[in-house]
Each structure stands twice: as C-alpha cells, then as structure tokens.
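Novice: If you want the building blocks of each chain, they are given just below.
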Amino acid sequence: MEKAALQKLTVLCLICAFAVVALLGVTAFSDGKREWKDYQLQYKDELLKKMTRERNPAYYDRIAGMQPEIKQVTVDEWKTVDRCMSCHMGTEDPLFADAASPLKTHPYPELLKKHPVEKYGCTICHGGQGLATTYHGASHKTIANWPFPMVPKGLMQSRCGYCHKDFEAIGADKLVKGRQLYQEMHCSGCHQIDNQGGAVGPDLSNFADKDPSNFSYDKLDGNHSKQVWVMEHFKSPQKVSPGTPMRTYALNNEQIECLSSYVLSLSQRNLQRQYTPAVKAGFVAPKVDVTVPEADLSLEDGGEEE
Amino acid sequence: MNDATYSVKDAIKQLPTNIKQSFTRREAGTAEQEQAATVFGNLFLHLHPVRVHANALRPSYTMGLGLISFFLFLILVVSGILVMFYYTPSTELAYRNMKDLEFAVSFGIVLRNIHRWSAHAMVAMVFLHMCRVFYTGAYKAPREFNWVIGVCLLLVTLFLSFTGYLLPWDQLAFWAVTVGSNIASYMPWIGDKIRFLMLGGNEVGQMALLRFYVMHVALLPLVAVVLVGVHFWRIRKDGGLSRPTEE
Amino acid sequence: MESGSSNVTALPLKAAGEAADENRRGFVKKFTLSALLLGIGGSVLQFGRFLKPNVLYEPSQTFKVGELSKFPYGSRTVIEGRGIEIVREKDGIHAVSLVCTHLGCLVKPVDNDSEIGYACPCHGSTFALKGEVLGGPAPKDLPWYEVYVDNSGTLVVDTSKVNQKRTKLVV
Numbered sequence: 001m002e003k004a005a006l007q008k009l010t011v012l013c014l015i016c017a018f019a020v021v022a023l024l025g026v027t028a029f030s031d032g033k034r035e036w037k038d039y040q041l042q043y044k045d046e047l048l049k050k051m052t053r054e055r056n057p058a059y060y061d062r063i064a065g066m067q068p069e070i071k072q073v074t075v076d077e078w079k080t081v082d083r084c085m086s087c088h089m090g091t092e093d094p095l096f097a098d099a100a101s102p103l104k105t106h107p108y109p110e111l112l113k114k115h116p117v118e119k120y121g122c123t124i125c126h127g128g129q130g131l132a133t134t135y136h137g138a139s140h141k142t143i144a145n146w147p148f149p150m151v152p153k154g155l156m157q158s159r160c161g162y163c164h165k166d167f168e169a170i171g172a173d174k175l176v177k178g179r180q181l182y183q184e185m186h187c188s189g190c191h192q193i194d195n196q197g198g199a200v201g202p203d204l205s206n207f208a209d210k211d212p213s214n215f216s217y218d219k220l221d222g223n224h225s226k227q228v229w230v231m232e233h234f235k236s237p238q239k240v241s242p243g244t245p246m247r248t249y250a251l252n253n254e255q256i257e258c259l260s261s262y263v264l265s266l267s268q269r270n271l272q273r274q275y276t277p278a279v280k281a282g283f284v285a286p287k288v289d290v291t292v293p294e295a296d297l298s299l300e301d302g303g304e305e306e
Numbered sequence: 001m002n003d004a005t006y007s008v009k010d011a012i013k014q015l016p017t018n019i020k021q022s023f024t025r026r027e028a029g030t031a032e033q034e035q036a037a038t039v040f041g042n043l044f045l046h047l048h049p050v051r052v053h054a055n056a057l058r059p060s061y062t063m064g065l066g067l068i069s070f071f072l073f074l075i076l077v078v079s080g081i082l083v084m085f086y087y088t089p090s091t092e093l094a095y096r097n098m099k100d101l102e103f104a105v106s107f108g109i110v111l112r113n114i115h116r117w118s119a120h121a122m123v124a125m126v127f128l129h130m131c132r133v134f135y136t137g138a139y140k141a142p143r144e145f146n147w148v149i150g151v152c153l154l155l156v157t158l159f160l161s162f163t164g165y166l167l168p169w170d171q172l173a174f175w176a177v178t179v180g181s182n183i184a185s186y187m188p189w190i191g192d193k194i195r196f197l198m199l200g201g202n203e204v205g206q207m208a209l210l211r212f213y214v215m216h217v218a219l220l221p222l223v224a225v226v227l228v229g230v231h232f233w234r235i236r237k238d239g240g241l242s243r244p245t246e247e
Numbered sequence: 001m002e003s004g005s006s007n008v009t010a011l012p013l014k015a016a017g018e019a020a021d022e023n024r025r026g027f028v029k030k031f032t033l034s035a036l037l038l039g040i041g042g043s044v045l046q047f048g049r050f051l052k053p054n055v056l057y058e059p060s061q062t063f064k065v066g067e068l069s070k071f072p073y074g075s076r077t078v079i080e081g082r083g084i085e086i087v088r089e090k091d092g093i094h095a096v097s098l099v100c101t102h103l104g105c106l107v108k109p110v111d112n113d114s115e116i117g118y119a120c121p122c123h124g125s126t127f128a129l130k131g132e133v134l135g136g137p138a139p140k141d142l143p144w145y146e147v148y149v150d151n152s153g154t155l156v157v158d159t160s161k162v163n164q165k166r167t168k169l170v171v
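Sequence lines, in order, name chains A, B and C.
Sequential numbering of the first sequence, starting at 1, is according to the working numbering.
Sequential numbering of the second sequence, starting at 1, is according to the working numbering.
Sequential numbering of the third sequence, starting at 1, is according to the working numbering.
Hints in this document: simulated from the structure, not taken from any laboratory.
Source: prediction; values computed, not measured.
Wrong hints could be hidden among the right ones.
As the list claims (entries may be wrong) - To give an idea of the chain A side of the interface with chain C (calculated C-beta under 7 angstroms), a few residues:
(1) Val26
(2) Ala28
(3) Asp93
(4) Leu95
Backbone N, C-alpha and C define an ideal beta-carbon position, used for all residues, glycine too.
One chain only, chain A, in its complex shape:
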C-alpha cells in the first residue's frame, strides 16, 4: 500500500485507540460514582460527629472503618429485595432524628420496632422499586404506569390495612372512617367485598392487588398511578371513567382520602403465619354493609359461594 494510505490508516487507528481508551476510562470512573456512596460517607461523617468514642468504642471504631457498600434486605414472603437502606442509613438510629433526608430517622420508631426492616423490608409499606439504588430508579417521583409507586403520606394507612384487618386495634383512624363511609354511602349496593354486595360495579375484594394495567389513566390530572386514579375517581367518576353508572358523590378531600385508604387496603392475600398479624380473641371483621344481606353460607342452595 502506498505510504500516504498507510500513514492515514495509522493515524486513524491511533485516534480510535485513544478515543476508546478514553471512553473506557470515563465509563470506569463514572461507574464508580454512585449516589449511595455519597450518602453513606455523609452518614459516617455525621455519625462520628454525633458520637464520642469513649461512650461506645466498639461501635465508634466500626463506623470509622466503614466502607460504602450496597445494603439490602430480601423478604421471601413478598419476593422483594429492598435496597432503600443503602441511602436511608439513619432510619433506625435515633441520633438522626433532626437530620436531613435521606439520613433522617424514621418518624414513627415505635411502628418501625414492630415491623423491623430485616423482616419486612421497606417497600411493603412505602411502595417504590426496592431493587433500585438511585433516587429516580426507586420511584420517589411517580414513574408513569409503574405498578408500585411510592405511597403518599395521606394514603399510608392503606398499607396498614393491607395486613391488619382490625382497624381500631391499630389506631388506623382513616381506615375506620373509610369503612364507615363505605357503609353509610351503601357502596355495597353496586360493589362486592367478600361476597357481600351488588354486582353492578366491579368486585373490590382484592382491589389492592389489582394490577394497575386494569385501569385507564388518560383522563387523569395527576400522575398515572393507581393511587391517583382512586382519588380522582372518587372525586369525579364520570370524568375518570366516562360512561360509568357510578354517579358523583359529594365528598370532601378528607373523606376521599379515607375512602381511598380503605379501598386500597382490600386484599385477599394469605400470609405465612410469621407475617399474619395477631388479632384479639373474638375479633370479627365488621360487616361490609348493614343493609345489604350477607352471602348465604348454607350448603343447601349453594348461596353465593364460589
């Protein structure tokens, strides 16, 4: 080949080689930069400042020698892997009560004690994508159509009611009110819960477990998530589901929140014994509606048993 062509090829080869090495270097470097590393180092610094070595030398030395690493909890019962604690390092540490997010202590430490992170993870109550290790990946802001968005504060009690059916015992005031409203407004006239109610509207017995793809989001004002759908649907059923036989009821925002929390707690899920909440002896779940008759459980006519 002529010298000129060879030279051109050589130069091209060199430039490409240099570019590839540079790009690989940039990749390697930026792969090492992770959000959680910064938060963990921040936690370490702040914790060392809040502690004195004399009071707890074992723990102090341990923190001083801490290296950033991904922390995760696997909960086989609900097949999740939660990595929230990789950034939310201070959740169980009372010293971080007035720290900034994400290091802040959990605002309800008593609740947390009853539902330790090692056993429950975080996403069963809070939603979000536990597998992620970034702010956006974890769905702190709603990702459109993502099935498990973070549960907003107003609807948090829906997650209590997901497992705990004795609302009064756990002090879930919104769920108590929501169930009461459901009774007072006779939703059972059209909707069924646990075989009690009419068949005009959809069965709500496992509403909490219904896949979000069953809902239509194009008429929503807010984010495209099932939770927003429920609230806006209560506000104006005709707007969210045009042509529905459900009429608009006069509900204020607080009532909507209570009803939404209640409806989003309805689940048919059976849990392993270690995850089943203990209930008082003699606890009987209140009837869904006092006027609509319960399903006939006698064996003779079959009733409405499936």
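Once you have looked at the hints, place chains B and C on chain A.
Specialist: Frame of chain A, contents of chains B and C only:
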C-alpha cells in the same frame, strides 16, 4: 555420546529460551519467508492469508462491514458470557437479575448496555454488509456458495437477536415474543407445531424462556461460529475478498 | 540508512529524515502499545470488578440479636439459626461461635460442668467455657465474633469479623 553429554546446569540455563521457542517456532529463511511463516504457523492468525491484495484493503470498497459484524459478534460473546454470570433464565428471577445488573453490579449497566447496543448494531451491520456484497456483485461466481452461507448467517443473527430479546422478561420482551411466535404459527400446516416446539408449550412462559435461553447462549452461537468459519474459509478459497481489478 | 548517495549535501538531510521517521515510528509503537495495555488491562480490571458480587442473597453476616435486657448477667443464650451463643458475664458480653472447628457440626452447650463448656455430638470434640479446645479432633478454639451495641441499644453480632483478642464488650 561425547559432545552430547547431558548437563543439567546447561539445560536449566536453556530453559527460558526452550519454553519460548516451544510456542514461537520460527523456521529460518529469508525475511519474507519468516514473515509468511509467522502468519501461516499460528492457529489464530492463519485464518488470514499471508498476502492480501492491496485493493481488498481499500475501506471505501468493502467499508469493513463484514469485519465490523465479526468484531461486534466477538464483543457480544465476551459481554454475553460476562452477563451470564448474573442471569437466571427463570420467570421469577430474570427481571430481578436485570435490575441487579442495572443497580447493584459494578460495571453491570455498562456491560449489559454494550451487549444490547452491539446486538442492534450487529443486525444493522450484517444487513448493510449483505447490501454491499449485492451491490458490488461479490456474490457472483465463484462466490455463490459463500452468499448462501451469508444468508444463513443473517438468519442466525436474526434468531440470536430474537431469542436474546426475550431474556429480560419485561413487557417489551414478552409481547415481542408473543407476536413473533404468533407469526410463526401462521405457517401453513406446520405453523402451530412449530410454535408449540418453539415455546415448549402453548404460552410464553417458563419453558419458552428456558428454550430461548439455551438457543441464545449455546445452540445459535455454536452454529454461528461454525458458519463464520466456513464463511471465512470460502473467502480464502475463492481467492480473497472480491475487489476491483488493478487500476 | 541509505548509503552511496551521489549528492553529498543531500545525504545528511535524507539521513535526518530517516532518523525522524524512526523516531516517529518508535513513538507511535510505544504509544499504541501503551494504549493497548491500558485498554486491555483496564478492561480486565473492570471485568474483575464486575464479577465480584456487591450484593449477596444470603442472610446478612451482621445481625441484631436483641436488646441488652434480653441477656441478663450469667446467661448463656443460643441464637437459633445463626450458630452462635451470647454469653453475658459481670465483666462483659461476648459471642461464641457454635460451629465445631473440626468439620462444621453445631456444638452443644454443656450445663453444670466447670471444665467443659461445649461438646460436639459428631466426633466428640470438647471445648472450655471460653471456647478453647480441650479434646477431640478439633484443631482450633471456637472463635469469638465481634459484637457491638448500636445507638438504639440493640446488641449486634458481626460474624464476618473474628474477635481475635477475645475481649469482651463492656456494657
């Protein structure tokens, strides 16, 4: 046995040279002969001819598309094998494994993305390579058989892409395979049977995922390697890359 | 280098040109080689990092065992499923591994024996109250693991760190 007395000390002194010479055999000769022997005597290099016509190297002629396709295949094999260390072909775990690669594995997102982008690029490059061969008439005699091999390679590439597409087990994957397998079922007479065999059942589920995984990481790469070998061999047998005559 | 050029004045120029070419070639070779080494070496390093798992789907090696009040003075509490025993004495608390150093069976704590603290049912190794090996096929003492108390007062055991010095945690 006088000058051939065996001396242990000498043998040890000779050891480094002996070891080096055992795998870099160099037959003496003229400079050209030695250069030829380097290529000819090496398993990996002897796929190349000792001499190449200058015109065959002109980038504007072949645009190196075949070479690029092969190189992408190598990238896919390496990145694919690495990603295999973290992937399980189970409907319960596959998606979680992909999320692990994205969030928890060092360099995981890079390798996974390299694999994905190279796959798309390879399909494009293979197609362009086919166009180049066609438009430069490089399929004509004596290269007709190589064209056939090339078409088989195109099909293998497309099937590799299709089977790999299912493995993340996300919505995109699931529906793509649903549609693809339904298309297959439209073949007259044997369509449904083919779909059943392909999916290992009637629906796109665990069996389908497993079959597609085996095809993608074992069967199709093997077929591809064999066919690529034949493809390169035919190029050599047919007198090298087709090129414009002396100008 | 060329020899036998007819023009005397052209020879040094040509020689200089050749020398420059040699320098350039040498530089290019060195540059390419180093870029190649950097690239391949860097890639190998990254692949190594890739293959080292960052998260394990196993129970964590560091785990909470409970509030300090669960372990009164003089108590020896076996933590089920974790193969350790928490021993609380007046001068401190420590965690002993119950995995026999012979072949890995779980040893049984022995009560009411001032000498033997643990006995292994598999091949008969015996250990003292502090874990030192007394007899049997076991080659080493039962290790102690690092323990600490976190800021909410819970005792935490870290089985990835062996307490070589066998110092008790003073609480």
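Novice: Against each hint, give a clear statement of whether it holds in the structure.
Specialist: Outcome of the hint check:
1. Val26: violated, 11 angstroms
2. Ala28: With a minimum Cβ separation of about 6 angstroms from chain C (threshold 7 angstroms), the hint on alanine 28 of chain A holds.
3. Asp93: Holds: closest Cβ of chain C sits about 5 angstroms from aspartate 93 of chain A, inside 7 angstroms.
4. Leu95: This interface hint holds because 5 angstroms falls under the 7 angstroms limit.
In summary, the one numbered hint that this structure violates is 1.
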